[in-house]
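In order, the protein sequence lines correspond to chains A and B. Quick note on numbering that gives the first Met the number 0: the first sequence kicks off at 0 and runs consecutively. Quick note on numbering that gives the first Met the number 0: the second sequence kicks off at 0 and runs consecutively.
Be careful, since some hints might not be right.
Derived, one-sided and incomplete: chain A residues facing chain B with beta-carbon distance under 7 Å [as the list claims (entries may be wrong)]: (1) Val33; (2) Arg64; (3) Lys191; (4) Met225; (5) Cys230; (6) Tyr235; (7) Asn236; (8) Val246; (9) Asp250; (10) Gln267; (11) Val280; (12) Asn314; (13) Pro316.
Simulated from the structure, these hints should not be mistaken for laboratory data. Predicted model only: the values in this text are computed from it and were never measured. Ideal Cβ placement from N, Cα and C applies to all residues, glycine included.
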Amino acid sequence: MSDVIAKDDLLRLVDQWLAEGKRVLGPVKAGDGVILYAPLAASSQLVLEGFVHAANSIKEAVFPRSETIYTYKFNGHEIELSDVDPDSTQCIVIGARPCDAASLPVLDHLFNWDYKDKFYNARRAATTVVTVACSEYDDNCFCTSVGLGPAAEQGSDAMLLKAPDGWYEVRAVTDKGTALFNGKTTPAPEIKVPISDGPAKKFDTVDIETFLKNNYESDAWRDITMRCLGCGACAYNCPTCHCFDIVDEGDAAGGRRVKNWDSCQFGQFTVHASGHNPRAVQAQRQRQRIQHKFRIYPEKFGAILCTGCGTCTRNCPVSLGVLNTLEAIAAVARGSIEVK
Amino acid sequence: MIDQLRQTCRKLLEEGAVKVVIGYGQDKPSMMPHPVFITKPEECDRLVWNDLCFANLAAYITRKEIKALGKPAVIVKGCDERALVVLEQESQFTRDGIYVIGVACTSLPASGVGNPRAAKCASCAVRTPRYADVTIGEAAVGSSAVGSSSCSTADAEFAQLDEFMKKTPAERFAYWKAELSRCVKCYACREVCPMCYCNRCIVDKNRPTAIDTSATIKGNLAWHIARAFHQAGRCVGCDECTRACPAGINLRLLNQSLAKSVERAFAYKAGMDKETPPVIGSYSLEDKENFIQ
Ligand code: SF4
Ligand code: SF4
Ligand code: SF4
Ligand code: SF4
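Please take these sequences and the hints and turn them into a complete structure.
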């Protein structure tokens with residue numbers, strides 16, 4: 000038994016959500032044609048198909064690039080602090096890819112570990128994620144290598160599958176998803192959208208984890224990552240990267256304390272107050288990113304910190320990113336590349 | 000041509016003339032060509048050359064990890080070489096400390112949407128490097144799509160900018176606000192830029208903070224204004240920043256505006272001529288003062 004919705008009705012539903020004051024995030028065409036997840040002003044901006052993956056991720060729904068956590072005012076010699084309420088505006092993410100949605104349960108571990116981040120949790124509770132199962136993939140996709148796939152349901156509240164003639168099959172995954180489409184779909188017993196196999200497996204995560212355990216000091220890091228520029232194009236657009244910095248911004252009268260994205264690829268990320276930098280060269284920073292995703296996080300939380308979306312590799316100005324680094328590591332592990 | 004390139008590099012490494020060749024490789028066909036660092040003669044077969052070799056490799060010669068490898072040979076296109084000219088004028092290397100392998104742009108990239116190189120190539124003024132120790136290949140000449148091989152007309156180069164400047168200041172500001180609202184401050188534009196070699200960028204100064212680190216509209220405007228100031232008269236228009244930006248921000252337009260202002264006020268184009276003193280690093284009594292009002 001399938002439930003379907005016509006594309007036009009889906010778009011009308013998006014406009015209805017907007018009219019109800021909900022925040023709606025989805026893929027849009029921005030600037031020179033790059034596809035980005037961004038807040039929608041109208042359903043006409045929404046681009047659901049015709050591309051593999053947006054150049055960024057949906058993480059801004061739960062973890063914005065910059066978020067005020069409290070404000071302060073100077074009052075003579077006194078400092079007045081004011082709490083800022085977490086943002087719990089109802090938010091619907093529409094048109095996310097399964098590899099984006101799958102990052103949310105992974106991020107939940109971190110933001111509810113030693114400290115429960117009320118800002119993240121409020122947004123997370125207020126967010127409903129509607130994914131579109133992938134019918135296309137490219138050479139940078141590797142969801143199947145990290146245990147996901149074109150219709151993986153992790154993190155989705157509902158999933159749309161493209162059916163012929165302008166229809167979408169709607170599969171509710173959670174109660175939130177059921178509620179969202181309640182009364183909006185039509186039963187269509189004859190429609191059953193087949194699911195693509197997705198990209199072939201590109202490496203084995205167990206091999207990678209073993210290599211990472213045994214080769215912390217390997218020269219392979221230097222050789223593989225020599226071209227890495229140390230930018231944030233990978234981490235900032237990654238659905239699972241979650242590092243942040245806490246800074247004060249203000250003037251003589253007062254200001255705000257903000258939580259801003261940060262990246263382990265920046266040289267400044269680990270500079271101590273003394274000036275010493277334990278990660279003095281780029282190879283050590285790239286090693287950190289890979290170790291964190293494929294060894295440290297799995298050891299700590301039992302989940303790989305990567306959904307195989309390929310965004311980091313597509314965005315990398317020097318064609319590195321996680322996929323090309325892992326493939327090079329896998330080649331070293333197999334002995335087909337010699338370390339200098 | 001690729002054989003000649005590989006042979007040249009192999010010989011340099013064999014003879015010990017250089018310790019590393021900074022060139023282009025392509026580990027698998029689905030990848031864009033990317034920077035490679037060849038230290039052994041037998042690895043020179045990894046080198047590739049095709050019209051997707053966008054990266055401006057001049058950006059690597061000032062990086063600490065690369066300097067540590069020893070004397071480099073660096074492969075440059077004509078446009079990339081302009082960056083070397085500026086870097087040398089700014090004393091970032093000594094000419095005998097590097098070996099420059101020029102490659103002439105033998106085939107012109109297919110223009111059109113989706114080819115980030117097309118915009119700069121269409122008005123390129125330097126298809127053949129001029130100061131290289133050796134230059135490989137011969138520049139393709141005249142093609143209707145891309146103009147003549149040897150000199151650009153300023154009109155073509157600044158066409159997009161001229162069109163943009165017809166808008167009112169309010170429209171232009173609205174445009175930049177929308178463009179820059181997408182900036183997440185990943186600094187890919189800075190890291191790929193050969194001119195952004197400061198050990199500590201002003202946006203990283205945090206004791207005290209000089210520029211808001213937040214990627215808010217205020218923080219983003221501050222970052223892009225700081226970047227523009229520091230690039231005026233120095234940016235060589237290699238378009239690497241525009242290519243690198245994951246948010247598709249039109250940095251080219253901003254750079255062109257700087258370049259045109261400098262050209263108009265000082266008849267100077269960064270990296271075109273080694274003998275012309277850099278506009279930022281020289282003083283002349285003839286300098287215009289009409290900006291003081
Ligand atoms: S891997 Fe690529 S995107 Fe990531 S820091 Fe290095 S150069 Fe930037
Ligand atoms: S590391 Fe790369 S492939 Fe993995 S989730 Fe992040 S952006 Fe996607
Ligand atoms: S600012 Fe952009 S175009 Fe100018 S030199 Fe730097 S990377 Fe090239
Ligand atoms: S590359 Fe783009 S998004 Fe990143 S800092 Fe530069 S302008 Fe901003």
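Structure-based check of all given hints:
{"no.": "1", "hint": "Val33", "in the structure": "holds, 3 Å"}
{"no.": "2", "hint": "Arg64", "in the structure": "holds, 5 Å"}
{"no.": "3", "hint": "Lys191", "in the structure": "violated, 33 Å"}
{"no.": "4", "hint": "Met225", "in the structure": "holds, 5 Å"}
{"no.": "5", "hint": "Cys230", "in the structure": "holds, 4 Å"}
{"no.": "6", "hint": "Tyr235", "in the structure": "holds, 4 Å"}
{"no.": "7", "hint": "Asn236", "in the structure": "holds, 5 Å"}
{"no.": "8", "hint": "Val246", "in the structure": "holds, 6 Å"}
{"no.": "9", "hint": "Asp250", "in the structure": "violated, 11 Å"}
{"no.": "10", "hint": "Gln267", "in the structure": "holds, 5 Å"}
{"no.": "11", "hint": "Val280", "in the structure": "holds, 5 Å"}
{"no.": "12", "hint": "Asn314", "in the structure": "holds, 4 Å"}
{"no.": "13", "hint": "Pro316", "in the structure": "holds, 4 Å"}
Checked against the numbered hints given earlier, this structure breaks hints 3 and 9; the rest are met.
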